[in-house]
Amino acid sequence: MTGLDRAAAALGVVSVASVGVAQAQDRYQVFELRSWSIAVATGLGLCAVVAGVAGLRWLAAASGAAFLAVAVVQVPVWGSGDNWLGGNGSTASLWLGLGIGLLTVGLADRLWPDETTSRT
Amino acid sequence: MVADATAAGPRARTAGNPPLASSWLSRAIVALIRVAVGVLWIQNAGWKQPPRFGEGDPPAGLYLWTSYAVEHQVFGPYAWLVEHLVLPNFRPFGWLVLITEASLGAFLLIGLLTRLWALIGMAQTTVIALSALNAPHEWVWSYALMFLVHAALFATAAGRYGGLDGVLRPRWVASPGRSVWLLARAS
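First to last, the sequence lines map onto chains A and B. Counting in the numbering used here, the first sequence runs from 44 upward without gaps. Counting in the numbering used here, the second sequence runs from 865 upward without gaps.
Since the hints were made in silico from the structure, they are not lab data. The beta-carbon is built from N, C-alpha and C at its ideal position, and this holds for glycine as well. One or more hints might be untrue.
[Said to hold, decoys possible] Which chain A residues stay away from chain B? Per the calculated CB distances, all over 10 Å, these:
#, residue
1, 56
2, 68
3, 86
4, 93
5, 96
6, 127
7, 141
8, 151
[Unchecked claim] Reference listing, derived: stretches of chain B covered by chain A, where coverage requires no fewer than 3 residues with Cβ under 8 Å from a Cβ of chain A:
#, stretch
9, 900 to 910
10, 913 to 924
11, 967 to 973
12, 989 to 1002
Isolated chain A, as found in the complex (with noise of 0.2 Å):
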């Protein structure tokens, strides 16, 4: 396992783990995780894990993208008077991060071939 592969693995434990600390109330809330917003979390963090696991940038990549579309929905969805993703701007934080971190995972042999190992 390389360490992008551990990296794109991390950052799906990261997402599946965040249901458990959304459960946190009043001002230890960190995040809102609530109806659709929990699959969100749920299904891109175990698809990252699969990636990470099984070494599959093109799913690392994917994860990532799925994870920045639904950030850049929570957004306005929160602001209007229709939540349907269960998520608020603190969600969007965290899959903004997610979804930079696994697209930058999945991409990296290609936006930056690793010049390190192909000297040696």
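Please build the complex by placing chain B on the supplied structure of chain A, with the hints as guidance.
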């Protein structure tokens, strides 16, 4: 001194090494601090709700806290700017704050381009302090500590420990080109 330490054996040599280079625990603590600061920003993106950002009667949320820059002035020119430019055009300002703080949380959490985002965190902390420092029941040291923790993230290049910077930086350093040079500097 180096010769003395070498002659004294491995323990003396380790004692002279910087903690971040020699101690797994120190690196883990730096990573933990970075993640905690990321969570700080993530949590605080949760009460800056578009599209009004608290603008209304009575004012609330981000609008109320921004208006403290005028009500409980910290720095005259900044108070003037908020009163005459920011508050009358609040929605674009609200979006700018939400995007900045959500991005701070995102990038610091995953440890990507951490030194750049630590600098942005210092700038954003300064802006917040200029609004809220003299507000009722505020603790001055909380803003000083917030500024200093970002300075510490910058000084330790905290994304290189348990963050994506640590995985990607060797590639950026080894690759030619202006853009990767910038990425390496930002990490």
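Status of the hints after comparison with the structure:
The Cβ of residue 56 (chain A) lies farther than 10 Å from every Cβ of chain B, with a closest approach of about 13 Å, so its non-interface assignment holds. Distance check for residue 68 (chain A) against chain B: the nearest CB is about 13 Å away, which clears 10 Å, and the non-interface claim stands. With a least CB separation of 20 Å from chain B, residue 86 (chain A) remains clear of the 10 Å interface cut-off, as annotated. For residue 93 (chain A), the condition that its CB be more than 10 Å from all CB atoms of chain B holds, with the nearest at approximately 19 Å.
For residue 96 (chain A), the shortest C-beta to C-beta distance to chain B comes to about 16 Å, beyond the 10 Å cut-off, and the non-interface label holds. The claim that residue 127 (chain A) is not at the interface with chain B holds, since no C-beta of that chain comes within 10 Å of its own (minimum 16 Å). Look at residue 141 (chain A): its CB is around 7 Å from the nearest CB on chain B, not clear of 10 Å, so calling it non-interface is violated. Listed as outside the interface, residue 151 (chain A) is inconsistent with that label: its C-beta sits roughly 6 Å from the nearest C-beta of chain B, within the 10 Å cut-off.
Counting residues of the stretch 900 to 910 of chain B whose CB falls under 8 Å from any CB of chain A gives 8; the rule of at least 3 is met. Residues of the stretch 913 to 924 of chain B with a Cβ under 8 Å from some Cβ of chain A number 3, which satisfies the need for three, so the listed coverage holds. Chain A is given as covering the stretch 967 to 973 of chain B, and this holds because 5 residues of the stretch bring a CB closer than 8 Å to a CB of that chain, at least three being needed. Using a Cβ-Cβ cut-off of 8 Å, 0 residues of the stretch 989 to 1002 of chain B lie near chain A, which falls short of the minimum of three, so the contact claim is violated.
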